[in-house]
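Here the protein sequences line up with chains W and G, keeping their order.
When we follow the numbering used here, the leftmost residue of the first sequence carries the number 195, and every step to the right adds one.
When we follow the numbering used here, the leftmost residue of the second sequence carries the number 781, and every step to the right adds one.
Keep in mind the hints are simulated off the structure, nothing from the lab.
Check the hints yourself; a few may be wrong.
As the list claims (entries may be wrong) - For lysine-lysine, the following BS3-like pairs were computed, each having C-alpha atoms within a straight-line distance of at most 30 Å:
# : chain 1 : residue 1 : chain 2 : residue 2
1 : G       : K781      : G       : K880
2 : G       : K837      : W       : K263
3 : G       : K880      : G       : K837
4 : G       : K880      : W       : K263
5 : W       : K262      : G       : K880
6 : G       : K837      : G       : K781
7 : W       : K309      : W       : K252
8 : W       : K252      : G       : K781
Just so you know, these numbers come straight off a predicted model, no measurement behind them.
Residues per chain, in single letters:
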Amino acid sequence: AQSVTQLGSHVSVSEGALVLLRCNYSSSVPPYLFWYVQYPNQGLQLLLKYTSAATLVKGINGFEAEFKKSETSFHLTKPSAHMSDAAEYFCAVTPGGSSNTGKLIFGQGTTLQVKP
Amino acid sequence: KAGVTQTPRYLIKTRGQQVTLSCSPISGHRSVSWYQQTPGQGLQFLFEYFSETQRNKGNFPGRFSGRQFSNSRSEMNVSTLELGDSALYLCASSLEAASKNIQYFGAGTRLSVL
Chain W
195 AQSVTQLGSH
205 VSVSEGALVL
215 LRCNYSSSVP
225 PYLFWYVQYP
235 NQGLQLLLKY
245 TSAATLVKGI
255 NGFEAEFKKS
265 ETSFHLTKPS
275 AHMSDAAEYF
285 CAVTPGGSSN
295 TGKLIFGQGT
305 TLQVKP
Chain G
781 KAGVTQTPRY
791 LIKTRGQQVT
801 LSCSPISGHR
811 SVSWYQQTPG
821 QGLQFLFEYF
831 SETQRNKGNF
841 PGRFSGRQFS
851 NSRSEMNVST
861 LELGDSALYL
871 CASSLEAASK
881 NIQYFGAGTR
891 LSVL
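Just need the whole structure built from these sequences, with the hints factored in.
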C-alpha cells in the first residue's frame, strides 16, 4: 500500500523568502513521486517528478525536490518565493518500476500563501 | 497540441438524478484516469482506462461508472446523485498506463448536487 503525508495544510512566506513544502511517503515498492500545483479554478499542473534517476529533481518555475529514501521524503523547495507562486501544492506517489498503472495517490495538499 | 478537455465545466443537479461527464485526452494519449476532489477527502482516484478497458478502480460505490471509447475519449457517469457527490471531477491523460508517465490534467468539471 502507498500513502502520502503533507505536513502543514497552510504555509505562509514573504515574497523573496525560501519556500519549503514537506512531503513524506509510504510505499512497499520503490516509488515514483510527483509534485503538482493547482491554481484556483484550474486543474493540476506538473511541477516535477522523480522516477529513480537523479535524486535531486529540478522542475518548472524554479522549484526543485530531493528524494531521500532514508527519510522517505520528497520535500519541495524554491529559493525565493514570488507572488505568483501562491497556489495549492500536491505531492503524489505511484508504484515504481514497470508498474502498468498511472494511478496517483495524493497527499492532502498544502496551500502556499505569499505575502508582499 | 490541445490539452485535456473536460465538458461541461459546471453542472448543477438535484439529488436522485444522474450525470455524465466527458473527457477528451491529449491527442495520442491512450490512458485516461478520473479523480474526485473535495475539501474534506482531497483528491481520490476513481478509475483508470486504457485501450477501452478499465485497468484500476478506486474505492467508490457502484453508482460511479465510466467507459472509454476507441478514440480514447472517456465518460464517467454518476447515478442516483447524493449531496456528497458535489465535487470537482478531474480527468487526466497519459501516453500509456505506466506509472512513470506524466498525467496531464484537465480543468475539471465542478458538480453541485442540490
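Legend entry - Satisfaction of hint between K837 (chain G) and K880 (chain G), Cα-Cα up to 30 Å: 19 Å, holds
Inset, instruction - Quickly compare the C-alpha distance for K837 (chain G) and K263 (chain W) to 30 Å and report which way the hint goes. - result: Holds, because 29 Å separates the two Cα atoms, which is no more than 30 Å.
Legend entry - Holds or violated: K781 (chain G) to K880 (chain G), with C-alpha atoms at most 30 Å apart: 21 Å, holds
Legend entry - Restraint status (C-alpha distance of K309 (chain W) to K252 (chain W) at most 30 Å): Roughly 24 Å between the alpha carbons, so the hint for K309 (chain W) and K252 (chain W) holds.
Legend entry - Restraint check for K262 (chain W) with K880 (chain G), where alpha carbons must lie at most 30 Å apart: Holds, at roughly 18 Å.
Inset, instruction - For the pair we were handed, K880 (chain G) and K263 (chain W), check the Cα-Cα distance against 30 Å. - result: 18 Å, holds
Inset, instruction - Mind checking the alpha carbons of K837 (chain G) and K781 (chain G) for me, to see if they're no more than 30 Å apart? - result: 29 Å, holds
Legend entry - Distance restraint between K252 (chain W) and K781 (chain G), which requires alpha-carbon spacing of 30 Å or less: 24 Å, holds
The earlier numbered hints are all upheld by this structure, with none contradicted.
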